[in-house]
Amino acid sequence: MTVAAGGTPVIEAQGLSLTFETNDGPVHALSNVDLRVDKGDFVSFIGPSGCGKTTFLRVAADLEQPSSGSIRVNGMSPAEARQKRAYGYVFQAAGLFPWRTIEANIRLPLEIMGYGQAEQRERARRVVELVELEGFEGKYPWQLSGGMQQRASIARALAFDADILLMDEPFGALDEIVRDKLNEQLLDLWRRTEKTIGFVTHSIPEAVFLSTRIVVMSPRPGRVTDVIESTLSPDDRPLHIRESRDFLEIAARVRDGLRAGLGDEL
Amino acid sequence: MRRRLASGSTVPILTIVGFIIALWYVMAVVLNAPWAYDQAGRQGVTLDFGGLVAATWSQDRPRLPAPHQVATEFWNTTIEVAPTSRRSLVHHAWITLSATLMGFVMGATLGILLAIGIVHNRAMDASVMPWVIASQTIPILAIAPMIIVVLASLGLTGLLPKAVISMYLSFFPVAVGMVKGLRSPDRILLDQMHTWNASGTQTFVKLRWPAALPYLFASLKVAVAASLVGAIIGELPTGAVAGLGARMLSGSYYGQTIQIWSALVMASILAASLVALVGLAERLTARAMGARP
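Residue numbers (the numbering used here), protein chains in the order written: chain A, 1 to 266; chain B, 1 to 293.
Everything labelled a hint here was simulated from the structure, so no lab data went into it.
Among these hints, one or two may not hold up.
[Claimed, not checked] Cut-off 30 Å, straight-line C-alpha distance, at most; resulting in silico cross-link-like pairs (BS3-like, lysine-lysine):
| id | chain 1 | residue 1 | chain 2 | residue 2 |
| --- | --- | --- | --- | --- |
| 1 | A | 181 | B | 180 |
| 2 | B | 206 | B | 221 |
| 3 | B | 180 | B | 221 |
| 4 | A | 139 | A | 181 |
| 5 | A | 84 | B | 221 |
| 6 | A | 84 | A | 39 |
| 7 | A | 139 | A | 39 |
| 8 | A | 39 | B | 180 |
| 9 | B | 180 | B | 206 |
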């Protein structure tokens, strides 16, 4: 499962397992996962629910503790990486604070991290521009559409200088048209900021369209069944690339991987 | 104007008030009739219906004074006398109000502090809440005299003992409401704070406290009304010479039902005003926090 070492590893997991004890017995959310994300990668995690894709992201973010195995983020433990503010995390729901304006929401992590007022304003202005929310800084979250809220949430994760962006199905609740638009914007943003992105999704087209590498996972126990290197050029991906042969071939391989992982359950 | 009246709550409220006053007049006739018949019998006159109504609505010490009697007494003891006079209901209301406000501030503070402790400290979570609940199962009428006596033996009299009883009644809704409020933020927002490595204090100030404010105002409305009840009860067992509670007590000693009722009216006006003030503060806060109008 190790991929030819080229770049600098940003996330490195070895033999990572996580078992939740529930009333119905143990649930193996992650079982012996080996994985490596290199600097500048756009890695998607795809699989049916229960395959541990979100759990993996949460372990990397120090939101869950692994039962065994090791994981390093920027060469540190997840807890150290979190304390060094190495990553921004975008949740499935926008998670904006309802009593704060969009700008105040974006400035919240900066306030917490102790940036000065002027610097907060400047950074907020920059990321608002990046996600194209100019003119909405003074609005409250309820005044924005779902897609705009999610963009504000991404801006908030970009406002401080974390070079890793972890995104847990950020567009899962949005309709397809909005999702296409945000996918294009996200690719553009990734190219311009040169961040490393870990992206959880259950949409095959979304994963193939966005990623330089696709991690296919399967449930019970949650494990990695395939890692697919994208043959698509990262710099040139218009939306209509989804009709190209290369795109469809990768999508087919992802689909096969998902089917194989499910085995008899289908 | 007409549409505003129709859509607002003015018309329904006035209808209910009108209904209550009508029922009040009827009950005044029914309850005061035995005394009116008795008096008429002694004087050897028979009462027709008009005479009965007139007699039941104008007694000096009726079982149930008629609304206009209470209104007259209320007018005479508020507008007609100086507010500094011992005969003034305003004077007595102010004495009760000052104890109410002091007890309310003490109770709200205690309730908030208890809630913060319960939410942040596992030992307090397990140990304090049962006592908080138990404290409210003791009848306040039983414990009020003890508080007065104990504090008096420590040399504390006057305003403070009454405020302590107010506090005893008002900290409870605040504590319960704030525990719920401080625990109300979504998991996702707490996780968000965690990923930013926010300290406990930052999480409290920037997330838990603002999220709890709607719960705080809801419980403050209950607490301020309870505070007023506490202050009045605090005036009953002390033989207090001033305050709405003292007015009611002396009224009952001397059979001055009209005086009792006008004190009751004053107490309800105070309670309504206090709750309305908290409601106003709630609306202003909600607007400042960008709530959906």
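Against the structure, the hints come out as follows:
| no. | hint | verdict |
| --- | --- | --- |
| 1 | A:181 - B:180 | violated (40 Å) |
| 2 | B:206 - B:221 | holds (24 Å) |
| 3 | B:180 - B:221 | holds (16 Å) |
| 4 | A:139 - A:181 | holds (22 Å) |
| 5 | A:84 - B:221 | violated (44 Å) |
| 6 | A:84 - A:39 | holds (17 Å) |
| 7 | A:139 - A:39 | violated (35 Å) |
| 8 | A:39 - B:180 | violated (44 Å) |
| 9 | B:180 - B:206 | holds (17 Å) |
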